[in-house]
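Chemist: Each chain, written out:
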Amino acid sequence: MTKNTEQETTHFGYREVPVGDKAGLVGQVFHSVAQKYDLMNDVMSLGTHRLIKRFTLELSALRPGMSVLDLAGGTGDFSLLFSPIVGNDGQVVLADINESMVRVGRDRIIDKGLTENISYTLANAECLPFRENSFDCICIAYGLRNVTNKEAALASMFAMTKPGGRVLVLEFSKPVNPLLGKAYDAYSVLWPKAGQLITGDGDSYQYLVESIRMHPDQETLKQMMVDAGFRDCEYHNVMGGICAIHIGHKARA
Amino acid sequence: MNAGLFHTAFLAAAETFLNGLIALDPAMPSKLAPLAGKTLRVECTVPPASFNMLVCQKSILLMQGEADTATATVQGSAATLLGMLAGNDPAAQRNNRTAISGDTAFLQSLQDVLANLDVDWEYQLSKVIGDIPTQAVSDSLAGTREFARQSAANMRDDLDAWLHEEKKLFPDASQLETFYKAVDRLRLRVDRLEARTNRLFPGQH
Numbered sequence: 001m002t003k004n005t006e007q008e009t010t011h012f013g014y015r016e017v018p019v020g021d022k023a024g025l026v027g028q029v030f031h032s033v034a035q036k037y038d039l040m041n042d043v044m045s046l047g048t049h050r051l052i053k054r055f056t057l058e059l060s061a062l063r064p065g066m067s068v069l070d071l072a073g074g075t076g077d078f079s080l081l082f083s084p085i086v087g088n089d090g091q092v093v094l095a096d097i098n099e100s101m102v103r104v105g106r107d108r109i110i111d112k113g114l115t116e117n118i119s120y121t122l123a124n125a126e127c128l129p130f131r132e133n134s135f136d137c138i139c140i141a142y143g144l145r146n147v148t149n150k151e152a153a154l155a156s157m158f159a160m161t162k163p164g165g166r167v168l169v170l171e172f173s174k175p176v177n178p179l180l181g182k183a184y185d186a187y188s189v190l191w192p193k194a195g196q197l198i199t200g201d202g203d204s205y206q207y208l209v210e211s212i213r214m215h216p217d218q219e220t221l222k223q224m225m226v227d228a229g230f231r232d233c234e235y236h237n238v239m240g241g242i243c244a245i246h247i248g249h250k251a252r253a
Numbered sequence: 001m002n003a004g005l006f007h008t009a010f011l012a013a014a015e016t017f018l019n020g021l022i023a024l025d026p027a028m029p030s031k032l033a034p035l036a037g038k039t040l041r042v043e044c045t046v047p048p049a050s051f052n053m054l055v056c057q058k059s060i061l062l063m064q065g066e067a068d069t070a071t072a073t074v075q076g077s078a079a080t081l082l083g084m085l086a087g088n089d090p091a092a093q094r095n096n097r098t099a100i101s102g103d104t105a106f107l108q109s110l111q112d113v114l115a116n117l118d119v120d121w122e123y124q125l126s127k128v129i130g131d132i133p134t135q136a137v138s139d140s141l142a143g144t145r146e147f148a149r150q151s152a153a154n155m156r157d158d159l160d161a162w163l164h165e166e167k168k169l170f171p172d173a174s175q176l177e178t179f180y181k182a183v184d185r186l187r188l189r190v191d192r193l194e195a196r197t198n199r200l201f202p203g204q205h
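Residue numbers (our numbering), protein chains in the order written: chain A, 1 to 253; chain B, 1 to 205.
Hints are computed from structural coordinates only; laboratory data are not their basis.
Since the model is a prediction, treat every value here as computed from it, not as a measurement.
Please note that the accuracy of each hint is not assured.
Said to hold, decoys possible - In silico EDC-like links for lysine to aspartate or glutamate, alpha-carbon gap of 20 Å or less:
no., chain 1, residue 1, chain 2, residue 2
1, B, 58, A, 126
2, B, 127, B, 15
3, B, 31, A, 16
4, A, 222, A, 126
5, A, 112, B, 184
6, B, 58, A, 89
7, A, 112, B, 15
8, B, 58, A, 111
Stated by the list, open to error - Facing chain A, from chain B, some residues (calculated, C-beta under 7 Å):
no., residue
9, 8
10, 12
11, 13
12, 14
13, 16
14, 35
15, 63
All C-beta atoms in this analysis are idealised placements derived from N, C-alpha and C, irrespective of residue type, glycine included.
Just chain B, with the same shape it has in the complex (with noise of 0.2 Å):
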C-alpha cells in the first residue's frame, strides 16, 4: 500500500467517526445545511499532513485535496487544532498558536456547530434495548449521579471537619476572622504611628 492510500484510510476512518457522531444529532443537517459546499483546509504541522474538510447537507468529508479549493485555511499542531474545532480552545487564536486565513466567519460557524453537537444518548440508547430498559438506565444513571454528587459533598464536609475540629491543621472561619481583623487594627496603628514620627521629626523621613 502507499503512503497516499495509507493517508485516505486513516482520512476515511476518521471521517467515519466524525459522521457517527453527526448522525446522532438529529439537528445536524439543519446545522450543517448553510455551510454546505464550503471547504476548510487544515494544515497540522505536528504531525505533518493537510487535508479538506468538505461540509455537506448531512455529513462532513475528510479527504486530501488541492488547497486552492478551501473556503478557509487553518494551521497548527494536531493538538491545537482538535481543541479548537471542538471549541475547547477559542484562545489558541489569540495565543498564535494557529494560523487562519480566508473566510473566518465560515471558520467560526462550524467550529459552533462542531462544538454544539447535541447527542440525545438516552433517545440513541432506546434505539438499541427499547424504551422502557433505556428509563431504567436513566433513572438509574440519575441515581447513581446524584449519590455521586451528595457523597463527595458529604466527604468534602467530612474533611473539612477532620482537619479543622480533630487535627487542628487548620484555623477555622471564626479564628481565621479573628486573626484578621487584629492584623488590620495593628496596620492601623502602623499608620498612626508612621503619621506621628512624620510630624515630630519631619524631614527625617
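For reference, chain A alone in the conformation it holds in the complex (with noise of 0.2 Å):
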C-alpha cells in the first residue's frame, strides 16, 4: 500500500485505486469470470493447474480426520481433492470474498455428491471469521495476491491455524529463468483476448495478468509469512518459477 496525500491507496492491476475500493473492483472481476473460471484457468496454464494443484495437495500432508480451510476457495477445485483425504472425520471449509465463486462451486461440489464434509462461508481473508487454532491446514491457491491486505491475510491465517498445523500458498510467482520470463509475459499478452473470446470479458484477463507481475517474489512473500510468524517457511518453485507453492508452520504449543 502507498500513502497519497488525499487517501491511502492500493494497486488493482496496474492502477492506484483507493484501499476500500479494491476488495469491490476484485469482486466484480471474479462475479464477470465466475462461470467459465475453470475453463478460463485451463486456457491460460495450458491445463497444467490441475497438476500444480494435485502437487501442493502433496504437500499439504492432509490426513483423515484433519481440519482444512480452501481459503479463496472459488469453485471448489481444492475442497473437491481435499474432502476425501480427510473423509468423514473430517472438516473441508470452503471460504471465498465472492459470493458468485462460491455459488458455482458449491454447486459444483454438491453435484459430485460431496455433502458429508464441506461446508460453505462466505469470507475475507483478512478477517476470518473463525475461532483461533481451528484448522489443521490452511490453503490458498491463487487468491492472496487479490487480497488487498496481504499482511493482514497471512495475520488472520496464521491465527487460525492449530499449532503444528501448516499454511500453503499457491500463486503466480517470478519465473527463475529470464527467457522463460519473457516467453510467459508474451503467452500472457494473450490472455485479455482469450478471456475476451471465452468469457466476453477481456478487461477481467487483463486485470489477472497486472496483477501476477504486481505480485510479490518468492523470497518477498516468504519473508511476509516469516513476518506473520510462521517458522521454517520454504517454498517450491513449479515451472520454473511461473508459480511458487509456500509453506509455513505454525510452532507447536
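Using the hints, put the two chains back together into the complex; each one sits in its own frame.
Modeler: Dropping the structure here:
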C-alpha cells in the first residue's frame, strides 16, 4: 500500500485505487468470470493448473480426520481434492469473498455428491470468521494476490491455524529464468483476448495479468510469511517459478 | 516442469486408471469402506520411486507423501509389487522378493479387494450401446467362445490321432500299457534273480 496525500491507495493491477475500493473491484472481476473460471484456467495454464494443484495437495500432508480451510476456494477445485482425504471424520471449509464463485463451487461440489464433510462460507481473508487455532491446514490458491492487505490476511491465517498446522500459498510468481519470463510474458499478453472470446470480458483478464506482475516474488512472500509468525517457511518453484508454493508452519504450543 | 511435477503427473494418470476400474465394480465402496483412512506406502526399488496409496470411501488416491503416515509399507521391484497387489503373486512375500512392515492385515485386505475386482462388463457396455445390442454382442461373444473351445478340442483330438495313427510318431495308450507291463514283469524277474543269486552266493554281493 502507498500513502497518498488524499487517501491511502493500493494497486489494482497497474492502477492505483483507494484501499476501500479494491475488494469491490476484485469482486466484480470474479463475479464476471465465475461461470467460466475453470475453462479459462485451463486455457491460461494449458491444463497444468490441475497438476500444480495436485502437487500442492501432496505438500499439504493432510490425513484423515483433519480440518482444512480452502481459502479463496472459488470453484472448489481444492475442496474436491481435500474432501476424500480428510474423510467423514474431517472437515473442509470452502471460503471465498465472492458470492458468485462460492455459488459455482458449491453447486459443483454438491453435483458430485460430496455433502458429508464440506461446508461453505463467504469470508474475507483479512479477517477470517473462525475461532483461533481451528484448522490443521489452510490453503490459499491463486487468491492472495487479490487480497488488499496481504499482511493482514497472512496474520489472520496464522491465527486460525492450529499449533503444528501448516499454511500453503499457491500463487503465480516470478520465473527464475529470464528467457522463460519473457516467453511467459508474451504468452500472458494473449489472456485478455482469450478471456474476451471465452467469457466476453477481456478487462477482467487484463487485471489478472497485471495482478500477477504486481504480486511479490518468492523471497518477498516468504519474508512476509515469516513476519506473520510462520516458522520453517519454504517455497517450491513450479514450472520454473511461473508459480510458487509457499509453506509455513505454526509452531507447536 | 520439475521432477516433482512429473512424478505427480504419473501418479495422477495411474490414479485415474485405477479409480476408473474401481468405479466399474458397484460393490467396491462397501469393500473399500472398512479400509478407509489407511495408507499403504509403496517403495519401489526398480525403478526407484515411492508413493502413498490412501484408501478413501470410494476411491484410492496415489500421492507423493511422507512415509511416517503409512499404515503399512511394502518394498520391492515394480513387477513384483504389481503382481503382489493384484494378488497374482502371493509367493513374492515368501520368496523374500518384497519386504513388508507395519499392519500386514491391512495389506492383505487391500490385496484381496484389488484382486477381487468384479467388473460387470455387460452392464457397462449396456450403458453405452443399450440393452438389446449388448445382449446381441454378449450372445455373439458366448457363441464365439463356445466355437473356439470346441475347435480347440477338435484340433487337439485330430492332432493326437495324426501323431499316433498316421505318422506313428508316438505309441498309443494300449501299446504303452503293454510296454509298461513288460517292464514290470522284467523288474520282478530281475528282483527274483537277484534274490536267488544272493542265496546261492552269500557274502559276495
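Chemist: For a quick check of understanding: which of the numbered hints are violated here, in increasing order?
Modeler: Violated hints: 1, 2, 3, 5, 11, 12, 13 and 14; rest satisfied.
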